[in-house]
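So the sequences go chain by chain: A and B. Residue numbering for the first sequence follows this note's numbering, beginning at 912 and increasing consecutively. Residue numbering for the second sequence follows this note's numbering, beginning at 3 and increasing consecutively.
For the record, the hints were derived by calculation from the structure and aren't laboratory data. All residues carry an ideal CB built from backbone N, CA and C; glycine is no exception. It is possible that some hints are incorrect.
Just some of the chain B residues that point at chain A, by a computed CB distance under 8 Å [as the list claims (entries may be wrong)]:
| id | residue |
| --- | --- |
| 1 | Asn30 |
| 2 | Val76 |
| 3 | Val120 |
| 4 | Leu123 |
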Amino acid sequence: MSKQRKARPGKAIQWSDADLEQLAKVTPQDIEEASALWKRAAQRPLRGLFDAPSFESQR
Amino acid sequence: MDYFYDQAAHRFINARGHPLAWSTVRNNYRRILDVARTDVARLAQQLRAGEITLAEWQRAMAHQVKLVHVASAVARGGQLQMSQGDWGFVGGRIKDQYAYLRNFANQIASGEQAVNGVISLRADMYVDAGRSTQEALRRRMMGETGYVDERRHLGVAEHCGDCVEYADRGWQPIDSLPEIGDSQCMVRCQCFFQYRLPDGQEGE
Numbered sequence: 912m913s914k915q916r917k918a919r920p921g922k923a924i925q926w927s928d929a930d931l932e933q934l935a936k937v938t939p940q941d942i943e944e945a946s947a948l949w950k951r952a953a954q955r956p957l958r959g960l961f962d963a964p965s966f967e968s969q970r
Numbered sequence: 003m004d005y006f007y008d009q010a011a012h013r014f015i016n017a018r019g020h021p022l023a024w025s026t027v028r029n030n031y032r033r034i035l036d037v038a039r040t041d042v043a044r045l046a047q048q049l050r051a052g053e054i055t056l057a058e059w060q061r062a063m064a065h066q067v068k069l070v071h072v073a074s075a076v077a078r079g080g081q082l083q084m085s086q087g088d089w090g091f092v093g094g095r096i097k098d099q100y101a102y103l104r105n106f107a108n109q110i111a112s113g114e115q116a117v118n119g120v121i122s123l124r125a126d127m128y129v130d131a132g133r134s135t136q137e138a139l140r141r142r143m144m145g146e147t148g149y150v151d152e153r154r155h156l157g158v159a160e161h162c163g164d165c166v167e168y169a170d171r172g173w174q175p176i177d178s179l180p181e182i183g184d185s186q187c188m189v190r191c192q193c194f195f196q197y198r199l200p201d202g203q204e205g206e
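Please work from the sequences and hints to get the whole structure.
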């Protein structure tokens, strides 16, 4: 039987409130990743929903 | 088939003009959450097994938190309909979750939170928080576009006492009922809001 590895969680990252503010900002890369997730996980006809253009813009 | 967002009617429509039920959008967002749930469970398992450090787990969790919240933009009609203010609103909610996550990580580091299965259960709630933001974003949008009343519906779940009470209140001025996630059942809540115009016309 292999020896089970002992969990060593280590130290937490000490985020300041200012760090949280900065980290929480939504970037274009975040939007791209969310779009990719929708394309991967949604039902087939709805995979483009996250990127849907407005109907008004198509007129 | 391509979908568009009809800004006048506040709903998605297909190329033939047929509307997409909001419940369908909501159910598909749950599929997004399920993918994130799998990733979060794997991260918790890796942390428990000592395969990743707490700092690595914390960073990866923060990424998942952000992803589910950004993906909730469908509640506003998708990313192309999101204003800077909307993204700021989402960012504020992400920040709140990050503050909880910081506390969670500190509890793990100090031993206050044992490295056991409870970590998985707690981590999973960060995924569910995305649904709360999705409902909050939709509520914000409906308020901005002229809807004046809201009614809480119980989703398919075992309901806590708070949710049953809020649903029993029926139609109320928009933004007056506690938001989804602000009940005894917290982010596990499966409730959703329906909205009504001043002339009494009921929306989704």
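Here is how each hint holds up against the structure:
1. Given the 8 Å rule on beta carbons, the hint for asparagine 30 of chain B holds: about 5 Å separates it from the nearest Cβ of chain A.
2. Contact between valine 76 of chain B and chain A, as hinted, is supported at the beta carbon level, the nearest pair being about 6 Å apart and thus within 8 Å.
3. Given hint, valine 120 of chain B at the interface with chain A, is violated; its Cβ is 13 Å from that chain's nearest Cβ, farther than 8 Å.
4. At a threshold of 8 Å, the smallest CB-CB gap from leucine 123 of chain B to chain A is about 16 Å, leaving the interface hint violated.
Of the numbered hints stated above, those contradicted by the structure are hints 3, 4, listed in ascending order.
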